Amino acid sequence: MTQRKTYKKGNHRLHRLRRELSRTIAQIKKFTTNLPMTNVTNDISLACSGLQT
23 MTQRKTYKKG NHRLHRLRRE LSRTIAQIKK FTTNLPMTNV TNDISLACSG
73 LQT
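Start counting at 1 in the sequence shown, then tack on 22, and there's your number in the working numbering.
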């Protein structure tokens, strides 16, 4: 757990937000795969890849 000390004060909040965001995106993906709207899932996955870089 030495990695936690390397975080700056604002960085840890950003990391937590990004983790929550990826979790909600996974939920959205799971929800949209049940629907026949493949364009929506493609847009979401594109947005995901844009955020993770």
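Worth flagging that the hints you see were computed from the coordinates, not collected in a lab.
Note that the structure is predicted; figures quoted are calculated from it, not measured.
Just so you know, even glycine gets a beta-carbon here, dropped at the ideal spot from N, CA and C.
One thing to keep in mind: the hints can contain errors.
Simulated restraints, written as ranges between beta carbons of each label pair [as the list claims (entries may be wrong)]: (1) F53 to N33: 14 to 22 Å; (2) N64 to H34: 18 to 26 Å; (3) A69 to R35: 18 to 26 Å; (4) E42 to S67: 16 to 24 Å.
Here's how the hints hold up against the structure:
| no. | hint | verdict |
| --- | --- | --- |
| 1 | F53 to N33: 14 to 22 Å | violated, 30 Å |
| 2 | N64 to H34: 18 to 26 Å | violated, 32 Å |
| 3 | A69 to R35: 18 to 26 Å | holds, 21 Å |
| 4 | E42 to S67: 16 to 24 Å | holds, 18 Å |
Comparing the model with each earlier hint shows violations of hints 1 and 2; every other hint is respected.
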